[in-house]
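Undergrad: Please take these sequences and the hints and turn them into a complete structure.
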Amino acid sequence: MKQFPRELARILTDENIVKVGVNIRGDGTRLMKDWGIRCASLVELGAISIQTMDDQSNQRKIRSMDRLARELLGYSVEKDTSARMSDWSSSHLTMAQIAYAANDVYVSYEIAAKIKRMQKNRPSQEYHVPLMTITTDGADVRTVQGMLSVFKDKNNNNTNNNNNKAQTNHHYNSDLVFSLTTKAHILIFSVHKWQGGFNHQDPRYFDGE
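Quick note on the working numbering: the sequence shown kicks off at 1365 and runs consecutively.
Hint data in this document are derived by calculation from the structure and do not stem from the laboratory. A few of these clues could be false.
DEER-style ranges, computed between Cβ atoms [what the hints assert, rightly or not]:
1) 1377 to 1428: 25 to 33 Å
2) 1499 to 1414: 21 to 29 Å
3) 1374 to 1439: 32 to 40 Å
Listed next, the in silico DSS-like pairs over lysine-lysine satisfying Cα-Cα at most 30 Å (straight line) [what the hints assert, rightly or not]:
4) 1443 to 1366
5) 1397 to 1443
6) 1443 to 1480
This structure is a prediction, so every number in the text was calculated from the model and none was measured. The beta carbon of each residue, even a glycine, is placed where N, CA and C say it ideally should be.
TA: Here it is in structure tokens:
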């Protein structure tokens, strides 16, 4: 991929669009390193999923996609070893590579949707969403209160001043959720609906052109 798509960069850097994934910090760090993209509002699904469990004492925040799928979706994620070990630096991906990466995205989407439903079934519980922004110095994390579906930014709660800054509503929309995975310089993603007319089936986003 010779040039990073501008519209995609706009989505990734938009703090009001939540990007969910498994080990998503690694994806964001790679995008910063390779393209200088400052990914904002990244949410680690492993950390969020812990809040929906009765016993949270022995749960790791970072867990494999297969484990999350087994715990939340009831099935294992089969990985194509040959695709995983193939050449991801090629300017054109094979269909096996595309299927491998797209499967990661689809499962991330399903895990996030499951967590959203579980939170709605337990509305009395207090939830917190850690939002991660990748910078050149690492990752900045701020925690906001609320469910994954809609939450309010209470970043100023610890300040002692009395200025009433407007709270920012962040929306996780099941029709707009943005999940991503990166392999070398290749980005495979899934956007179910986006009002901007973004065509996620454009082959340029799959073959690195």
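Undergrad: Hint by hint, say whether it matches the structure.
TA: Evaluated hints:
The hinted window of 25 to 33 Å between residue 1377 and residue 1428 holds, with their beta carbons roughly 28 Å apart. Between residue 1499 and residue 1414 the C-beta distance comes to about 25 Å, which sits within the given range of 21 to 29 Å. At roughly 34 Å, the beta carbons of residue 1374 and residue 1439 sit within the given window of 32 to 40 Å. Distance restraint check for residue 1443 and residue 1366: the Cα-Cα separation of roughly 29 Å lies within the 30 Å cut-off, and the hinted pair is therefore satisfied.
A distance of roughly 26 Å separates the Cα atoms of residue 1397 and residue 1443; the hinted pair therefore holds under the 30 Å criterion. Among the hinted pairs, residue 1443 with residue 1480 is consistent with the structure: their alpha-carbon atoms are about 25 Å apart, no more than 30 Å.
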